[in-house]
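Letter by letter, the chains look like this.
Number of protein chains: 2
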Amino acid sequence: MDARGLLKEHITKLASLTPAEFDYFFSHFKPLSFKKGQVIIREGDKVDNEYFVVSGCLKTFFINDDVKMHILQFAMPTWWASDYNALYTQTKATVNLDCITDVELLSLSNVDREKLCREIHQVEYFFRWRTNGGYVAAHKRLLSFMNNDAKTRYEELMKLYPLLYNLVPKHLIAAYLGVSRETLSRLYNSHKNVM
Amino acid sequence: MDARGLLKEHITKLASLTPAEFDYFFSHFKPLSFKKGQVIIREGDKVDNEYFVVSGCLKTFFINDDVKMHILQFAMPTWWASDYNALYTQTKATVNLDCITDVELLSLSNVDREKLCREIHQVEYFFRWRTNGGYVAAHKRLLSFMNNDAKTRYEELMKLYPLLYNLVPKHLIAAYLGVSRETLSRLYNSHKNVM
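Going down the list, the sequences are from chains H and A. Note that UniProt numbering gives residue 145 to position 145 of the first sequence, counting from 1, and the numbers run on in steps of one. Note that UniProt numbering gives residue 75 to position 75 of the second sequence, counting from 1, and the numbers run on in steps of one.
I should point out that these hints are in silico values taken from the structure, not numbers from a laboratory. Worth double-checking, as some hints may not be accurate.
Since copy identity is lost for identical chains, a pair holds within one copy or between any two.
As the list claims (entries may be wrong) - DSSO-like mimics (lysine-lysine), calculated; alpha carbons at most 30 Å apart, straight line:
{"id": "1", "residue 1": "K159", "residue 2": "K68"}
{"id": "2", "residue 1": "K151", "residue 2": "K140"}
{"id": "3", "residue 1": "K192", "residue 2": "K46"}
{"id": "4", "residue 1": "K30", "residue 2": "K192"}
{"id": "5", "residue 1": "K36", "residue 2": "K46"}
{"id": "6", "residue 1": "K159", "residue 2": "K92"}
{"id": "7", "residue 1": "K151", "residue 2": "K46"}
{"id": "8", "residue 1": "K36", "residue 2": "K170"}
{"id": "9", "residue 1": "K140", "residue 2": "K30"}
{"id": "10", "residue 1": "K115", "residue 2": "K192"}
{"id": "11", "residue 1": "K140", "residue 2": "K159"}
{"id": "12", "residue 1": "K192", "residue 2": "K92"}
{"id": "13", "residue 1": "K170", "residue 2": "K8"}
{"id": "14", "residue 1": "K140", "residue 2": "K46"}
{"id": "15", "residue 1": "K159", "residue 2": "K192"}
{"id": "16", "residue 1": "K151", "residue 2": "K92"}
{"id": "17", "residue 1": "K92", "residue 2": "K35"}
{"id": "18", "residue 1": "K159", "residue 2": "K46"}
{"id": "19", "residue 1": "K151", "residue 2": "K115"}
Given the sequences, and given the hints that come with them, work out the whole structure.
Below you can see the structure in the form of structure tokens.
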């Protein structure tokens, strides 16, 4: 499916736009391509855009003082990615966004999102429910971190991104879960056995 | 300030409602009072409402298999509280909500929120930006949990709720931060010394 078709299908799951409204909405998105390893947002950057993933896989991450990488989020096709803290509060980026594979994206600016939300009520409805979903997902992840439960984190990750285990290098999955490579293998094998 | 005035001031920070729109909006809220220790949402409940805090302090929490309490959130005046996972996805509650002090609340049902969002575009705008704020706060907290950085979690908590240290029993603050009482005292003393 092309970028336009994918975005249309994605929006239609939540909101009802007329064909003319969708055309207008889509005209504010800018198609972008990046190569594996390219950096889209770097800590300290000004952040003006968010990205709808058309193909490929991204990660948002930060490196702590001990030079350990923590992965906040993966982004697969039909997911959105940015440093939302920086984007929403107009502060400098505190995380990085880069490409695990070659990717195609649709970029939407903060300014255009707000304009579209003002102009088309259903667009505002769409973005409200998109964020509601993200809020709930962030709280679920927080609960499993508070409970220090790597098994639940692993199972939630596989539910969110069933194809991830074969697509993404294992050290990145371990960095998302906050566990060692050895623990990841153990979780993978015990998960397989109950499937 | 009375409940109506507090809600009006809170909404006005983000959205512009006419006096007639605000009256209509406010007519969907139901005032409620609870005593210290009363439970508002219990794990396993169906959740139909969210709550705007007028006075007092609430906590959302869960107890893990080791009977250890984890606090997901405090809610002070002008904050909103519910089990948003259960409320938004119409599933059973996975956390509890109870009263740290006597509280006064304004209750809004899921059904009425959606109706108001459809009827008044500025109400949809308000709730979108309220959730955007919650999403960013949840991700910040997640980052500090991933980084296992109790000092940052403490400083973020004090920034969010400057009055909390004197209002809330110390063992609850420790349960929010995921640290012992002794670590909390150390963080409090080192924080005081740099103020």
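We went through each hint and held it up to the structure:
1. K159 x K68: For K159 and K68, the Cα distance is within 30 Å both inside one copy (26 Å) and across copies (27 Å).
2. K151 x K140: So K151 and K140 pass the 30 Å test inside a copy (13 Å) and across (23 Å) alike.
3. K192 x K46: neither (43 Å within a copy, 33 Å between copies)
4. K30 x K192: neither (40 Å within a copy, 49 Å between copies)
5. K36 x K46: within (22 Å within a copy, 45 Å between copies)
6. K159 x K92: between (32 Å within a copy, 19 Å between copies)
7. K151 x K46: Classified as between: cross-chain Cα gap 26 Å, same-chain 36 Å, threshold 30 Å.
8. K36 x K170: within (16 Å within a copy, 48 Å between copies)
9. K140 x K30: So K140 and K30 pass the 30 Å test across copies only (29 Å; inside, 32 Å).
10. K115 x K192: neither (47 Å within a copy, 44 Å between copies)
11. K140 x K159: both (13 Å within a copy, 23 Å between copies)
12. K192 x K92: between (41 Å within a copy, 28 Å between copies)
13. K170 x K8: For K170 and K8, neither the intra-copy (33 Å) nor the inter-copy (50 Å) Cα distance is at most 30 Å.
14. K140 x K46: Both, since 29 Å and 18 Å are each at most 30 Å.
15. K159 x K192: within (13 Å within a copy, 44 Å between copies)
16. K151 x K92: between (34 Å within a copy, 22 Å between copies)
17. K92 x K35: within (24 Å within a copy, 43 Å between copies)
18. K159 x K46: between (33 Å within a copy, 23 Å between copies)
19. K151 x K115: neither (42 Å within a copy, 39 Å between copies)
Checked against the numbered hints above, the structure violates hints 3, 4, 10, 13 and 19; every other hint is satisfied.
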